[in-house]
Amino acid sequence: MARWPRGAASPKRGEGVTTEALQAAAARPANTGHSGTLLEVQDLHIHFPTDDGLVKAVDGLTFTVDRGRTLGIVGESGSGKSVTSLGILGLHRGSSARITGEIWLDGENLVAASADRVRQLRGSKMAMIFQDPLSALHPYYTVGQQISEAYLIHNQVGKKAALQHAIDLLNRVGIPQPATRVNDYPHQFSGGMRQRAMIAMALSCDPELLIADEPTTALDVTVQAQILDLISDLQAEYGSAVIIITHDLGVVAELADDVLVMYAGRSAEYGTAEDIFGRPAHPYAWGLLGSMPRLSAARTERLMPIKGTPPSLINVPPGCPFHPRCGYTALTNGRSSTEVPELREVASGHLVACHLSASQQRQIWAEQIKVNL
Amino acid sequence: MITFIIRRLIATVFLLVVVSMITFAIFFLVPRLAGQNSYQLATQYVGRNPTPAAVHDVEAKLGFNDPFYVQYGRFLKAIVFGAHYNNGPSSTYCPPPCFGYSFRTSQPVWPQMMSDAPVTLSIAAGAAVLWLVGGVSIGVLSALRKGSVFDRFSMGTALAGVSLPIFFTGLIALELFSYKWPIFPNVQFVPLTQNPLLWARNLVLPWIVLAFLYAALYARLTRAGMLETMGEDYIRTARAKGLPERTVIVKHGLRAALTPIVTIFGMDLGLLLGGAILTEVTFSMQGLGNFTIQAINNQDLPEIMGVTLLAAFFIVIANLVVDVLYAVVDPRVRY
Chain D
692 MARWPRGAAS PKRGEGVTTE ALQAAAARPA NTGHSGTLLE VQDLHIHFPT DDGLVKAVDG
752 LTFTVDRGRT LGIVGESGSG KSVTSLGILG LHRGSSARIT GEIWLDGENL VAASADRVRQ
812 LRGSKMAMIF QDPLSALHPY YTVGQQISEA YLIHNQVGKK AALQHAIDLL NRVGIPQPAT
872 RVNDYPHQFS GGMRQRAMIA MALSCDPELL IADEPTTALD VTVQAQILDL ISDLQAEYGS
932 AVIIITHDLG VVAELADDVL VMYAGRSAEY GTAEDIFGRP AHPYAWGLLG SMPRLSAART
992 ERLMPIKGTP PSLINVPPGC PFHPRCGYTA LTNGRSSTEV PELREVASGH LVACHLSASQ
1052 QRQIWAEQIK VNL
Chain G
6 MITFIIRRLI ATVFLLVVVS MITFAIFFLV PRLAGQNSYQ LATQYVGRNP TPAAVHDVEA
66 KLGFNDPFYV QYGRFLKAIV FGAHYNNGPS STYCPPPCFG YSFRTSQPVW PQMMSDAPVT
126 LSIAAGAAVL WLVGGVSIGV LSALRKGSVF DRFSMGTALA GVSLPIFFTG LIALELFSYK
186 WPIFPNVQFV PLTQNPLLWA RNLVLPWIVL AFLYAALYAR LTRAGMLETM GEDYIRTARA
246 KGLPERTVIV KHGLRAALTP IVTIFGMDLG LLLGGAILTE VTFSMQGLGN FTIQAINNQD
306 LPEIMGVTLL AAFFIVIANL VVDVLYAVVD PRVRY
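So the sequence lines, in the order shown, correspond to chains D and G.
Final position of the first sequence in our numbering is 1064; the numbers increase by one with none missing.
Final position of the second sequence in our numbering is 340; the numbers increase by one with none missing.
If you're looking for bench data, these hints aren't it; they were derived computationally from the structure.
Because the structure is a prediction, the values reported are computed rather than measured.
Glycine included, each C-beta is placed from N, C-alpha and C at the ideal position.
The reader is advised that the hints may include incorrect statements.
[Stated by the list, open to error] Straight-line C-alpha distance at most 20 angstroms; calculated SDA-like pairs for lysine to any residue:
| hint | chain 1 | residue 1 | chain 2 | residue 2 |
| --- | --- | --- | --- | --- |
| 1 | D | K816 | D | N800 |
| 2 | G | K66 | G | K82 |
| 3 | D | K816 | G | E250 |
| 4 | G | K66 | G | S96 |
| 5 | G | K256 | D | H845 |
| 6 | G | K256 | D | L825 |
| 7 | G | K256 | G | G236 |
| 8 | D | K816 | D | G930 |
| 9 | G | K256 | D | P830 |
| 10 | D | K998 | D | D939 |
| 11 | G | K256 | D | L782 |
| 12 | G | K82 | G | T17 |
| 13 | G | K256 | D | Q836 |
| 14 | D | K816 | G | R241 |
| 15 | G | K256 | D | I844 |
| 16 | G | K185 | G | I213 |
| 17 | G | K151 | D | S786 |
| 18 | G | K185 | G | L197 |
| 19 | G | K256 | D | G785 |
| 20 | G | K256 | D | L843 |
| 21 | D | K816 | D | G798 |
[Said to hold, decoys possible] Under 7 angstroms between C-beta atoms, here's a sample of chain D residues computed to sit facing chain G:
| hint | residue |
| --- | --- |
| 22 | L828 |
| 23 | P830 |
| 24 | A841 |
Please construct the entire structure, taking both the sequences and the accompanying hints into account.
Have a look at this one:
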C-alpha cells in the first residue's frame, strides 16, 4: 500500500496540516491492490421520529469500502457521521430509529438480517473504536476482562486462552508489560493507553471492517499521532477495511484512501483522497479546506470559516441543504434553493452533489479557492 | 485492600467512642446544663415518694456529684468491663456490657435487649431479602420497558408504597389475611429455633408490609439508576462487542446501577436493626422497636441509653460493611 514515509513528513495534528501532507495525499496513487468490496451502503436512510418532528439524521447515503482501504468520513458535528457508523453496526436496533436502504457486508444485507445475526457479526466481523475511551470502557471490569469478553462470546475458547489472547493484543497495540497491565482497571491507564486498549478490544476477533469514530478527539496531540499510526499499521497488517470518522481533515489527509464529505445527512462529495484534496468540487469541501489552519500560511492570514451553522435535521432547507451557506448560489439560476442536487460523477469515481457545472467547479477551484489556501 | 479495611476498622472504633460520648452528653450533660441538679437526677433512680435521705444516698452511690469525665469514664467502664453496685450489705455485679438496671423491671438492660433483638432481626432480615430482590427486579424491568403498562403500573404501585404508612398497610393486611381470610391466623413471634415453619409463617405479613415500603423506594432508585447507566458509552461498547442483550443488561448495566443501591441497602438495614418500630407495634411483636417505645414512655433512662447506643452501633457497623462492600464493587474506590 502506498503511504508516504512516517515520521518527518507526517503532519502533526493540532499544528495544522502541512502543505506537503496535502500534496502527498493529492499525489497518492489510487490503490489498486484491494481484493474486492467489503461494505456497500446503498441509499441508506436513518430517521428518528421525535416530538419536534422527524430527524433525518442520514438521508440517502451511498458509499462502498474495499478490503484493505480506508474511507474517511468528514463533516461538521450533526452531519450524520456517527449515526451512519452506529447504523452499520446495527446499534440503532431497539431504539425508535427507522432505517431503510441496504447495508451489504460481505454479501449479507444487514438492514434485512435478524437482530441476532447482526449481533453475531458485531465484534467479530465488524468492530468499532469509540471516541472517548474513558467513558467507553466499563469502570468496574479490568482491561483484560473487557478485551477477552468479545473473544469469549464469538469463539469457543476457555477463559485462560482468552486472557492470553488479550495479553497478546495489548502487546501488539504497544502497552508495556501487558501481562501485568491486563489486570488493571481503565482508570489506571493513561488516555492514550485506554485508546490502545480500546483498539485491542476492537481487534480481538480480527474484524474485516473496523470503524473508528473520532478515535483521537479525546487525546492530546502527541498521542493522537501515535494512535493514528497504530491504526494504519494494524490495517496494513490485518488487511481490514477501515472507516475513519472525523471532523479533522488532517487525520483524513494522513490515513484515508477515499473520502466521503457529509453534509446534513447526505453525501456532498465522494471520491479518492486525491480528488478531495487535489481537486475538490463542492463549495462545502472548499469551505472545509479554507477553514483549516496551515503551517505554510503567513501568521497574519486569517482562517476562512464557513459562515452560518449546520441546518436543523428536522427542517432541512429545500433544494441543496448547503445553499443558505453557499457563496455560489447566484451561478445556478435559483436551482440551489428549489432542486435537490443529485450526486453526479464529475470524473471517474469522483461524485459531487452540486448544481454548479463541472467546468464552473474547476474554474472556481483553480481561480478563487486554491490560490487563497 | 487489607490496609483499607484496617483503616476503616480503626475509624469505626473511634466513631463508636464519639457516639457514646454524644449519647452520654445528651442524657446527662444537657439536662444539667438546662438547670437540673444531681438530686433531681437521683430522684429518677429511687422509688415513688422517697425520703430526701434515700435520694441523697443514691446520688452519692451512683456518683452523680462527680465531675462529668469521671461519670463518663465509669459509664464506659461499665459497658466494657461490667460494674459492681453497692447495695449496702451486699453488692450486685452487672456483667458487661452493662447499661445499668431498668427502672421499670429492675433487671439489667442488656439481657432484655438481647431477648428482644431476635424479633427485630427476624423481621428486618426477611423483609430486606424481599425488598432487595423485589425492588431491584421490578426497577430493572421498569427501566427496560420504560413507558410500558408494566412500568406505569409498577411505578404507580411504588408511589403508593412510598406514601402509605406501615400502620395503615399493616392493619389492612392483618384485617384481610389474618381475620377475614385467615391465611395467617394468630400472628405472633415464634423463635426460629423453636419452630422454623411457624416462625416463617407468622412473619410473612410483617415481611411483606415492611418490604412493600422499601421495595417501592428501591424500585424507583433502581429504575432511575438503570435508565442512567443504560445510556452510558460503555453500554454501547458492550453492544458493539456483540454481547447478547441479557449480558449487556445484567453484567454491564445492572452491575454499575447497583452500586448506589448497595450503599443505601446497608444503611437501611442498619437503621432497621435498631428497631422496626412501626412494624413491631402494628403486629404486636416484642422487638427492639417496642422496647424503645416502652423505654421512652416510662422515661426509663438506662433503657433509653442502652437502645440508643445499640442502634448507633448497628448503623456504624452497617456503614463499615457498606464502605468495604463499595470497595469490592467499585475498583476506583480502593486506595
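Requested in this report: Would you check the hint for K256/G and G236/G, treating anything up to 20 angstroms between C-alpha atoms as holding?
Outcome: Holds: K256/G and G236/G sit about 15 angstroms apart, inside 20 angstroms.
Query raised in the report: Is it true that the CA of K256/G sits at most 20 angstroms from the CA of H845/D?
Result: holds, 17 angstroms
**Report entry** Hint consistency between K185/G and L197/G [alpha-carbon to alpha-carbon, up to 20 angstroms]
**Finding:** Violated, at roughly 27 angstroms.
Query raised in the report: Given the hint that K66/G pairs with K82/G, does the C-alpha gap stay at or below 20 angstroms?
Result: OK: K66/G and K82/G at ~16 angstroms, within 20 angstroms.
Report task. Decide if the proposed pair is consistent with the structure: K82/G and T17/G, CA atoms, cutoff 20 angstroms inclusive. Result -> holds, 19 angstroms
Query raised in the report: Given the hint that K816/D pairs with E250/G, does the C-alpha gap stay at or below 20 angstroms?
Result: holds, 18 angstroms
Requested in this report: Below or equal to 20 angstroms on CA atoms is what counts here, so check K816/D against G930/D.
Outcome: Given that 20 angstroms is the threshold and the Cα spacing comes to 13 angstroms, the pair holds.
Query raised in the report: Does the alpha-carbon distance linking K256/G and Q836/D stay inside the 20 angstroms limit?
Result: holds, 12 angstroms
Query - Straight-line alpha-carbon gap K816/D to N800/D, limit 20 angstroms - result: Measuring from Cα to Cα gives roughly 14 angstroms; hence the hint holds.
Query raised in the report: Does the interface hint hold: is L828/D within less than 7 angstroms of chain G, judged Cβ to Cβ?
Result: With a closest approach of 6 angstroms, the L828/D hint holds.
Query raised in the report: Given the hinted pair K256/G and L782/D, is their alpha-carbon gap at most 20 angstroms?
Result: holds, 18 angstroms
Query - Hinted pair K256/G and L843/D, Cα distance within 20 angstroms - result: The given pair, whose Cα atoms are some 14 angstroms apart, holds under the 20 angstroms limit.
In the structure shown, a violation is registered for the earlier hint numbered 18 alone.
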